[in-house]
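J.: Line by line, the protein sequences give chains A and B. Using our numbering, you'd call the opening residue of the first sequence number 1 and step up by one each time. Using our numbering, you'd call the opening residue of the second sequence number 301 and step up by one each time.
Don't read these hints as lab results, they were simulated from the structure. Here the structure is a predicted model, which is why all the values come from computation and not from measurement. Heads up, the beta-carbon is just placed ideally off N, CA and C, and yes, glycines get one too. Any given hint could turn out to be false.
Short derived list, chain A residues pointing at chain B, Cβ under 8 Å [as the list claims (entries may be wrong)]:
1. LYS34
2. PRO67
3. TYR117
4. ASN128
5. HIS203
6. ILE279
7. PHE283
Residues on chain A that point at chain B, a partial pick, calculated with CB under 10 Å [unchecked claim]:
8. MET139
9. MET152
10. ALA172
11. VAL274
12. GLN287
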Amino acid sequence: MSDTSTRNAVLPDTSSRVAVRNTRAGRVPSTWWKHVILLALGLVMLYPVLWMVSSAFKPNAKIFSDPGLIPTEWDFSNFAAGWNALESPFSAYIVNSLIVVAGSVVGNLISCTMAGYAFARLKFKGRNAWFAVMMLTLMLPIHVLIVPQYVMFSQAHLINTFVPLILPKLLATDAFFVFLMVQFFRSLPAELEEAARLDGAGHARIFLQIMLPMATPALATTAIFTFIWTWNDFFRQLIFLTKPDKQTVPLALRTFVDATGGSSWGSLFAMSLVTLLPIFLVFLFGQKYLVKGIATTGIK
Amino acid sequence: MMASDGSTSVRLRPSATAHKRRGRADGRAAAVFLLPWFIGLVVITIGPLIASLYLSFTDFDLLTSPNWIGFENYLELFQDSRWLKSLKVTFIYVITAVPLQLGVALALAIFLDKGLRGLNFYRSLFYLPSLLGGSVAIAVLWRQIFGKDGLINGFLAVFGIEGPGWINNPDTSLLTLIALAAWMFGSPMVIFLAGLRQIPDMYYEAAALDGAGRWRQFRSITFPMLTPIVFFNVVLQIIEAFQSFTQAFVVSGGTGGPADSTLFYTLYLYQKGFGSLDMGYASAMAWVLLLIIAVFTAINFATSKHWVFYDE
Numbered sequence: 001m002s003d004t005s006t007r008n009a010v011l012p013d014t015s016s017r018v019a020v021r022n023t024r025a026g027r028v029p030s031t032w033w034k035h036v037i038l039l040a041l042g043l044v045m046l047y048p049v050l051w052m053v054s055s056a057f058k059p060n061a062k063i064f065s066d067p068g069l070i071p072t073e074w075d076f077s078n079f080a081a082g083w084n085a086l087e088s089p090f091s092a093y094i095v096n097s098l099i100v101v102a103g104s105v106v107g108n109l110i111s112c113t114m115a116g117y118a119f120a121r122l123k124f125k126g127r128n129a130w131f132a133v134m135m136l137t138l139m140l141p142i143h144v145l146i147v148p149q150y151v152m153f154s155q156a157h158l159i160n161t162f163v164p165l166i167l168p169k170l171l172a173t174d175a176f177f178v179f180l181m182v183q184f185f186r187s188l189p190a191e192l193e194e195a196a197r198l199d200g201a202g203h204a205r206i207f208l209q210i211m212l213p214m215a216t217p218a219l220a221t222t223a224i225f226t227f228i229w230t231w232n233d234f235f236r237q238l239i240f241l242t243k244p245d246k247q248t249v250p251l252a253l254r255t256f257v258d259a260t261g262g263s264s265w266g267s268l269f270a271m272s273l274v275t276l277l278p279i280f281l282v283f284l285f286g287q288k289y290l291v292k293g294i295a296t297t298g299i300k
Numbered sequence: 301m302m303a304s305d306g307s308t309s310v311r312l313r314p315s316a317t318a319h320k321r322r323g324r325a326d327g328r329a330a331a332v333f334l335l336p337w338f339i340g341l342v343v344i345t346i347g348p349l350i351a352s353l354y355l356s357f358t359d360f361d362l363l364t365s366p367n368w369i370g371f372e373n374y375l376e377l378f379q380d381s382r383w384l385k386s387l388k389v390t391f392i393y394v395i396t397a398v399p400l401q402l403g404v405a406l407a408l409a410i411f412l413d414k415g416l417r418g419l420n421f422y423r424s425l426f427y428l429p430s431l432l433g434g435s436v437a438i439a440v441l442w443r444q445i446f447g448k449d450g451l452i453n454g455f456l457a458v459f460g461i462e463g464p465g466w467i468n469n470p471d472t473s474l475l476t477l478i479a480l481a482a483w484m485f486g487s488p489m490v491i492f493l494a495g496l497r498q499i500p501d502m503y504y505e506a507a508a509l510d511g512a513g514r515w516r517q518f519r520s521i522t523f524p525m526l527t528p529i530v531f532f533n534v535v536l537q538i539i540e541a542f543q544s545f546t547q548a549f550v551v552s553g554g555t556g557g558p559a560d561s562t563l564f565y566t567l568y569l570y571q572k573g574f575g576s577l578d579m580g581y582a583s584a585m586a587w588v589l590l591l592i593i594a595v596f597t598a599i600n601f602a603t604s605k606h607w608v609f610y611d612e
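For reference, chain B alone in the conformation it holds in the complex (with noise of 0.2 Å):
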């Protein structure tokens, strides 16, 4: 990061000689300007890293001082149901949500796009939710909105039809929370219709030319064009998804419940390491989480080749 700082005693050819002071200088002030980044990488990033994997070999209880089990932890995971189920229950939430949410964005996206008076209008209308969304009010609202005698049920009742009570019951609970996510997909839009912005429109006047349709358009033009960004937003949405925890920790009251149904893998983390003080047991998880998130990162990138289209 720095450049070493050795004075210049043999003299160069004035040209290079001015090259190389800039590039000494150069590298002093970046060290000055990457100072804080740099404290923060260690201090706050790197170092509770390694010490978050040493804890994980531990049985840590924040009380007393931890004592290395080896693997422990990691076995003992696999035997704990609750865990698995947590497992599930993320894993159930990103596959759904993620595609659902991103599927939503992009018809909505392209639905605007074309030439559309009020875009500004509805583009911000419909990325509203998305700030909201992540906040303890919502939430709030959402266990309102689908409790027993909720508006979800009050609607329902016009039709004389009588709903359940979606969050406390385990086969619905869930939905509720992937209808949340869906709620949220004005972000994803935003760069989508950023995205769609950029595709020349000669394309699509030569598709036309050639007697292509609008549905024929979409495959060959406008979703080949799209793809770096469908893709960058399915690598990033789904990292963010493993990590869900507000909604489902404020909807089931801290629990998970009912019946474990909400329990994500976060939730379930922060139960074990700051509810029961298990934080060696919660280091695993944490690792764990990691690899997971980074296996489908890996596996994101490796089958891009195979769908995503780069222009240039």
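Isolated chain A, as found in the complex (with noise of 0.2 Å):
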């Protein structure tokens, strides 16, 4: 529970920003040299991803003889035999996955907007204790809570389910996104409710009519961020979902390396980049909200 003046410290305030960068643009002398420094770090640093890229499109033997990145002799077969290399083809560990990720999203947009419209724009008793409280439950290690919750899950028979993923995200458990909403909520004008309230409209008139669509920024980094950490997330798959026809994505691809162990470099990087492109394309179209989001909460 840092203090707020921490957070507020890091809204972007854009008018300041604009003018900070354009002074010290005047100034600034030649840096060709940086720009050498960052490409070659950044080049650095991404090497290994677009090996790995290139890597699924080379004949096994080639993987390690070559590396380059781009193939000598392009190879399409690591796709298909790692489709198909487990139990159920990959696209139905994708479609697991695509579940669990659409009713987190769905999840966290409702129960976390709701919750944080409260914090931020209601006035109600206790409501500075109850904010604390749903502070401290960011800073809870989920290990705390994992064994009764699997006991809990396991005596209403939802253990290879997607239940138990996906609750606790229509119960706005991911404080991260309410904290996100309430510091959104907070940055918006007073007179805006006023307004429509001497109109007389009630609070769910003023939440769907007038808060949701100015949120459409927030909401888009609840999604997205949602999206990524939801498709990347393995614990807690892990321990729900135990049946292979029930596996997801990141289970697949672990069960995949177990079985082969390494023998089969080329199909496991094929699979491991196909797990990786809905990341990558949320990233692309979705970059600007995950900066601003980052930026908002602190919080990666």
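Need the complex rebuilt from these two chains, each delivered in its own frame; the hints are there to steer you.
T.: Okay, here's the thing in structure tokens:
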């Protein structure tokens, strides 16, 4: 519970930012050497990933003898081999992952927005105390909850269903996003509701017709982060999904790597590439919201 | 959370009535808007939190009903050489990976900040790994890169050096995971960049007039102004690093090996709780982890007044 001033300090103030950038750009001398350093560093960092992408298109025997990024010999069979290497075709795991992701995104969008609106815009008894409780849950490691959660869901015969993964999102347990919405709603001017209240609008209408449309950027940030984190999530899926036909993409990939041990890197890389592609696409189209999101909340 | 719902029989002055009605309506609306969150708090968070505290004092194994055994699990921890090892591995990881990651992030943020052209491009470039790095796919890649015949050794071979099997050697396996954490410096970097933007330019102008050099400006302006954000990142990254799981799990094939050199705390917890079904023991482990994280966070906050600078 670091104080709010830290977070508010992080909120970007666009007007001053532009001014600052202009004055700085004006007095900066030649910086080509900086670009050389940055590009070199970027290349070193991304080289392994690029190499993996290119290896997915190389025949197995060539992967280690050919360290270049452009395959000397193209081979697309890795994808077919990887796709069908496990019990079910890889598409089955993708569908499972997409169900979990879709449920989580919808859940977080609804529940965290509602809670965030209440904490940010409504006056009620004990608001600060409840808000502190919410922020405390942000720091709680999942490991202190996971055993009883497992017992609870297993008694309800819900292991190997997607319920244990999606239900918590419908109940706003991702405190990070509640906080993100609180930060956003707090930044909106009070006149918004006051005008609507004079027109006789109730809370439901204010929330649905005024707040939500204005909150599109924050909603996008929530959706994108939820997508990426759920798509990548391993620990909870490992616990709650044990049957092969219920496995999601990360679990399938792990089964794959353990089964092959390292004999067929080509198809392994091909499937790794398939699992990274959605993240990359989301990043490509949503990076504006990602950057804004981490800058606003100060958490990755 | 909820305001009481009593009908107002006494007539108040009009404005006060309106004010009161509004307050009450807010209370009721808040109850509705917070209902899902509140159910989640009770059922998904606080209920299990209390249950796991109870289970930590039992011999619960999922199949038979739990028996109360007092502090036995907690006492056993300190005689469990694997638990002690997992604690050591995790501590080493936290105290190396967090400063390394934040140090690189801060250095890059400062390097990028001075009105460089293409800033957005570089920011995206360096941010991407922190999105990809949490995935199983990158862990798989890491297993290859640092393998005996991996990319790193292929590179070293160019210079005639024969590298070790980084992943299979207990002396170097943890280093590969620390390297992975450092590789994901992008998200704290973005936060630092946002923080740097908030420092008014006039501070630097005044300092330059006083003849302060670059290093002096960093020490007297940039770093003090950034300390709240550095602090915030330190707290959160430590909490997160203590909970690292996926990468060690995938890279070691679920064992924490070789020779338990990558046996992260949570990995051992998983093995105990969900491998051998010692769920009481695993619960005790989880509570000790919670205490460790709480202590580290408390230390962070306690020391913060000596080095965190708040403007205002």
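J.: Give a verdict on every hint.
T.: Taking the hints in turn, this is what the structure says about them:
1. For the restraint placing LYS34(A) at the interface with chain B, the shortest Cβ-Cβ distance is roughly 6 Å, inside the 8 Å limit, so the hint holds.
2. Below 8 Å, beta-carbon pairs count as interface contacts, and PRO67(A) has one with chain B at about 6 Å; its hint therefore holds.
3. Satisfaction of the interface hint for TYR117(A) is found here, the shortest Cβ-Cβ separation to chain B being roughly 6 Å, below the 8 Å cut-off.
4. Below 8 Å, beta-carbon pairs count as interface contacts, and ASN128(A) has none with chain B, the closest being about 12 Å; its hint is therefore violated.
5. Annotation: interface hint on HIS203(A) holds; nearest CB of chain B at approximately 4 Å, less than 8 Å.
6. Hint on ILE279(A) holds. Least Cβ distance to chain B is approximately 6 Å, under the 8 Å limit.
7. At about 6 Å, the closest approach between the beta carbon of PHE283(A) and any beta carbon in chain B falls short of 8 Å, and the interface hint on this residue holds.
8. Hint on MET139(A) holds. Least Cβ distance to chain B is approximately 6 Å, under the 10 Å limit.
9. The closest approach between the C-beta of MET152(A) and any C-beta of chain B is roughly 7 Å, which is under the 10 Å cut-off, so the hint is satisfied.
10. Annotation: interface hint on ALA172(A) holds; nearest CB of chain B at approximately 4 Å, less than 10 Å.
11. Taken as an interface hint, VAL274(A) checks out: its beta carbon lies about 9 Å from the nearest beta carbon of chain B, inside 10 Å.
12. A least Cβ separation of about 6 Å between GLN287(A) and chain B falls short of the 10 Å threshold, and the interface hint therefore holds.
Of the hints listed earlier, the one the structure fails to meet is number 4.
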